[in-house]
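Trainee: Sequence lines, in order, name chains A and B. Under the working numbering, the letters of the first sequence match residues 106 to 463, in that order. Under the working numbering, the letters of the second sequence match residues 106 to 463, in that order.
Everything labelled a hint here was simulated from the structure, so no lab data went into it. Among the hints, a few may not be true.
No copy labels: a pair is met if it fits in one copy or bridges any two.
Only pairs whose alpha carbons sit at most 25 angstroms apart, straight line, appear in this in silico SDA-like list of lysine to any residue [unchecked claim]:
#1 Lys195 <-> Asp132
#2 Lys108 <-> Glu124
#3 Lys260 <-> Leu164
#4 Lys108 <-> Gly137
#5 Lys207 <-> Val315
#6 Lys463 <-> Arg429
#7 Lys460 <-> Ile329
#8 Lys213 <-> Gly331
#9 Lys459 <-> Glu410
Protein chains: 2
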Amino acid sequence: MKKHNFSAGPSILPQFTIEKTAEGIKDFAGSGLSVMEVSHRGKDFVAVMDEAQALFRELLNIPEDYSVLFLGGGASLQFCMIPYNLMSKKAAYLNTGAWSAKAIKEAKFFGEVVEVASSKDTVYNYIPKDFEVPADADYFHFTSNNTIYGTQIRKDFDLDIPVVCDMSSDIFSRKIDVSKYGIIYGGAQKNLAPAGVAFVIIKNDLVGKVDRAIPTMLNYQTHIDGGSMFNTPPVVPIFAALQTLKWLKANGGIEAMEKINEEKAALLYDEIDRNPVFKGTVLNKEDRSLMNVCFIMNDGYEALEKEFLEFATGKGMSAIKGHRSVGGFRASIYNAMPKSSIQALIDCMQEFEKKHAK
Amino acid sequence: MKKHNFSAGPSILPQFTIEKTAEGIKDFAGSGLSVMEVSHRGKDFVAVMDEAQALFRELLNIPEDYSVLFLGGGASLQFCMIPYNLMSKKAAYLNTGAWSAKAIKEAKFFGEVVEVASSKDTVYNYIPKDFEVPADADYFHFTSNNTIYGTQIRKDFDLDIPVVCDMSSDIFSRKIDVSKYGIIYGGAQKNLAPAGVAFVIIKNDLVGKVDRAIPTMLNYQTHIDGGSMFNTPPVVPIFAALQTLKWLKANGGIEAMEKINEEKAALLYDEIDRNPVFKGTVLNKEDRSLMNVCFIMNDGYEALEKEFLEFATGKGMSAIKGHRSVGGFRASIYNAMPKSSIQALIDCMQEFEKKHAK
């Protein structure tokens, strides 16, 4: 039976990425050696790094005065590297979910955090809109897509202070204007590569402005100067990321991806809104994520939650259980998720509806 | 033509590891999904993490009161995490090479560093023996194998303060008594896995003794409490590491590995000492590394260096050029390097000798 991989992350990757990575593990660039066992300073791997950075620039239209870095430690390490490098006195954070909250926690090690708004009280089921960012903050941080709650901010903020965004779960899924950001970062394990590498798109002139001493590996300047090769980088995740970037380009780039993602999400949200057995969890439709679609059993059908999980799982729907803090179901439909898998989930929902018609 | 991979790191891995990793990339544990695209919290990956930690414990005979962690960021990030977590006032470091020096540089961000001895003045061509470690230091740090210079410390220090050792390039190559150490750590990309994961074997009661606030990801307590799964770990490098650990166990474990490594190194060093065209670079034979064999052209043969590099490379010897700070040649002969490849290099050296007989 075909599995439909709705995992929130690590999550579905293009079949192209999977096949090319398996090939590179066996024989890298015709070298007779595995990509796992060659020097990262050798010309073959340097070419991988160069091409991955160039495709990041091309696909996202990244201005010249930004660097593209691939670092170990995941987005979680970035939560502390950002204030370590950028916060002199205070920073502004928008709290839209558990990951925003984790970023806030780390920032507090380095100075004052102004939480400009929060939707925590209602389990993050909406995106706060009315807030002011203090003009004297060192930077403003937000999380563009909230994987757990299925909310998303699909706009670029226009501020006079640097904007820092965690795009772990929606990078490459929609058009963005990089020039409006100071840093865009994220773990790779949603739309890009296996876990083990974080991408950091950073405006070069942001660093070097704080007074504190910064250990070498935690200093963005180190990695900007080293072209992301100061130390041995995570070679396999970067090699896999390159394959995904090639796949993205071959499939029309961000513009085409955004259009397909809008269509895919609309299919599923329309079914959730139509089907009397289910309902969405996000308060306002405009806050709904195109990447993570969260829904629960509708009023009167609550007792059937476990049954639907088993029913859908039995039909090949993998990892659709919602996060424990939201309950119900979550279908993560990243770039690599084909429409046919979404249709398969919709078929399950409709079949289940018929089974339990009232 | 068969390639003999003498790369210093990332470096040769067992064929078993390469094949099993390629298989897991295509289909993980019969799930129909790639190991790159499944949740790290799912039972299949949790089993990988559990087995990798258990095999670390079994192969190295790690006492119960130690944790085994697999972290992102490489050994370079550990250079700062160690003093961040352990240094209150001062720490003692032995300087035996470029990597020791890098570790020292990071420690200085956190307090006073006592360099107990250094062989820097002679390009690190020996291991200092006569030094005293201050009894009031918070810990003593050394690098057991110096990849660039081909020196190695094959003994466990017996001190009253915690001993911290960077074993990046000789872990699993020889017997060690873990109970004599506070922390053993290293990048995985020599004897274990592809780059992108660092292993940390840490005595649990070492942490929590310094006064400074430690950001969450840099705090060992976080990773001890989280069973090395606080955040998404580098799944592919850990999956590959598990394959190497299985291979190690199936091949007799550390004891068998040490015996073979001694035989392999003796073969090559004997040839270097016998062959009039070459000479070793390490001052004292007892300091010679079993992992990285460094040699240069002997007196009178200096002009032939480039010719030998081309000659040997043409016969399939890959990555034997020495590090620029030492020059000449370096044959890295990690666990996975078969005797037949060492014999192939020796054959090259003997053929070259005949060609240039004086």
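Trainee: I want to check one pair: Lys108 and Gly137. Are their C-alpha atoms no more than 25 angstroms apart within a copy, between two copies, both, or neither?
Mentor: Between copies, since 7 angstroms is at most 25 angstroms while 33 angstroms is not.
Trainee: Can you give me the call for Lys260 and Leu164, within, between, both or neither, at a CA distance of at most 25 angstroms?
Mentor: within (18 angstroms within a copy, 52 angstroms between copies)
Trainee: Is it within, between, both, or neither for Lys459 and Glu410, if the alpha carbons may be no more than 25 angstroms apart?
Mentor: within (15 angstroms within a copy, 79 angstroms between copies)
Trainee: At 25 angstroms max between alpha carbons, let me know whether Lys195 reaches Asp132 within a copy, between copies, both or neither.
Mentor: The answer is neither: 50 angstroms in one copy and 47 angstroms across copies each exceed 25 angstroms.
Trainee: Indicate which option fits the pair Lys207, Val315 if close means a Cα-Cα distance not exceeding 25 angstroms: within, between, both or neither.
Mentor: Both: 22 angstroms inside a copy, 23 angstroms across copies.
Trainee: Please sort Lys108 with Glu124 into within, between, both or neither, judging by C-alpha distance up to 25 angstroms.
Mentor: Answer is both; intra-copy 17 angstroms and inter-copy 24 angstroms each pass.
Trainee: Are the CA atoms of Lys460 and Ile329 at most 25 angstroms apart within a copy, between copies, both, or neither?
Mentor: Intra 58 angstroms, inter 48 angstroms, cutoff 25 angstroms: neither.
Trainee: Could you place Lys213 and Gly331 in one of the four classes (within, between, both, neither) given a Cα distance threshold of 25 angstroms?
Mentor: For Lys213 and Gly331, the Cα distance is within 25 angstroms only across copies (22 angstroms; inside one copy 29 angstroms).
Trainee: Have a look at Lys463 and Arg429 and pick one of within, between, both or neither, based on CA distance no larger than 25 angstroms.
Mentor: neither (28 angstroms within a copy, 78 angstroms between copies)
The structure fails hints 1, 6 and 7 (numbered hints given earlier, in ascending order).
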